[in-house]
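Respectively, the protein sequence lines represent chains A and B.
What the first sequence shows, in the UniProt record's numbering, is residues 1 to 312, in sequence order.
What the second sequence shows, in the UniProt record's numbering, is residues 1 to 277, in sequence order.
Hint data in this document are derived by calculation from the structure and do not stem from the laboratory.
Even for Gly, the Cβ is constructed at its ideal location relative to N, Cα and C.
Wrong hints could be hidden among the right ones.
To give a feel for the contact side, a few chain A residues facing chain B, derived at Cβ under 7 Å [unchecked claim]:
| # | residue |
| --- | --- |
| 1 | M101 |
| 2 | L105 |
| 3 | G107 |
| 4 | D109 |
| 5 | R110 |
| 6 | P268 |
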Amino acid sequence: MTDLMIEADDVGKKFGEVAALTGVDLGVPRGTVLGLLGHNGAGKTTLVNILSTVLPPSDGTARVAGHDVVREGHEVRRRIGLTGQFASVDEQLTGEENLVMIARLLGADRRQARQRSGELLEAFDLTAAAKRKASTYSGGMRRRLDLASSLIGHPEVVFLDEPTTGLDPASRVALWEIVEGLVGDGTTVLLTTQYLEEADRLADQITVLSAGRVVAAGTAAQLKADVGQRTVTVVLEEPADASPALRALREAGLAPMHDAERHALTTPVESSRQLAVVVRALDDVNVDFVELNLHEPTLDDVYLTLTGRQAA
Amino acid sequence: MSTVTAERPTVRTAESGGAGWQGSSVFTQVMVFAGRSLRALREPRLLIMSLIQPFVMLVLFSQVFRGIANGPGFPAGANYIDYLMPAILVTTSTQSAMGAGAGLANDLRNGVLGRFRAMPVRLVSVLVGRSLYDLVRNTLQLGILLVAAAALFGFAPAGGVVGTLCALALALFVGWGVSWVLIALASWLRNVEVMQMVGFIAMFPLMFASSAFVPVGGMPEWLQAVARVNPLTYAVDASRGLAFGSATASSVVGALVTSAALALVGGALAARGIRRP
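Make the full structure from the sequences, and use the hints.
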């Protein structure tokens, strides 16, 4: 048995003449999180819809939990949970009724359905609101109920399409913890997001989509190392030292920039060892500084570089 | 404001070997979906609202058109209320069917259907559940109207209780058949406003250019022609025949067969429509 829980092979999707996805390959091992990064219109939701059998692909094949999403859609649907971009809870029902309904549809009897709903209401901090209509819930509560609905059948693979969009920071962190808990239990998660911080924190592997194509894939660290630039920032003690310091750094083979407001010099470096070059150069011209920082590239840098490269 | 748990919630999933649930039968699915809609009746407001119009019609027509009982083409010896009520059953039932389309379109707009698409569920059971709910609601509605007509306006047709119940059953079946046409439309169009317009526009000519309120014989020639091709005329005549205890087999069978055909064609189209993403 293969240990890949999500596999996509050259998946494409066309809506009429418009190609929403082209040649997407994915492989997500069991019990890991794949972060699907991309901005609006990059094709994230389309890909999630194909993998969750909601949309058929126009090209290529995909398997989820070992079953083909087209030929064995029913088997796939039995093993997945989907939380879409817009909370799909039934507003006319109470929180508990929502969960019981989903459990019953998955084959639970009344007693099992109520028991499992109770567990999830508890886990998602919704017990107090269990008997209230979902229409009275806050955005964060709705998201939690939505997520609880997709987990009620113990899915092996969970798709989360921008699960934290529109949530306040506290609810976002709470949701992250839920996802971490899921993965700890062996669930495989595919998470789409526009937030780099989210992908950085949750994802084992990140795939960056732009205009329907995969433009990069790897761990957060790999992506950063691939395209990101490390920089060293020096904050000078004496503003007047700026020009000798700039000259010294240029002579040392660096390309510093001057931020006059902060009395700071910033220069890209190739490796952390070049910190020593910076220090030596400044020491040679007797420049004192109050701060010296090495900045790792952020995923934002990665993302902007990649999507910019694609657009160019 | 909602509180947020700091500790990691335990929601055991894959590792625990799953719930072992083997999926539900189509019957369970239909019952779950019907039950979901039926919860709307917890608020009697909806039922009361939908009763207002037929009730107003019952009051107005029974008083305004009383004199028609002496006019041409009217069954001899019958009260107008006895003539009117079987028609009100059919028109109210048909009107509810029009509402079923808008109701389904609203359901489809509700995000919860998106979830069902990614679940091991037959989407057609969403439709059958909805239709079952409409049938229950309609039965309640027509039952209340019948009791009101008997208690307040002295409705007591020649066919007696049996005839009245047969007329009720026929009206429900006709409404059910028509509802499938609207369900089919809704599953393709998926637009609440459009469905409301369709119901509104279709209902009025169907209702008034028919034998529902006045005998066809008393209408201008052109309207008679319209009323004679209006299927509602035949449904109303069959219902009235049953209530009067004078129904012909062909009129009743005609109404039943037509309704069944509508349900069949509508159901097939709806099942295709709902599967579109």
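Hints and how they fare:
no.: 1; hint: M101; result: 6 Å, holds
no.: 2; hint: L105; result: 5 Å, holds
no.: 3; hint: G107; result: 4 Å, holds
no.: 4; hint: D109; result: 9 Å, violated
no.: 5; hint: R110; result: 11 Å, violated
no.: 6; hint: P268; result: 40 Å, violated
When held up to the earlier numbered hints, the structure conflicts with 4, 5, 6 and fits the remainder.
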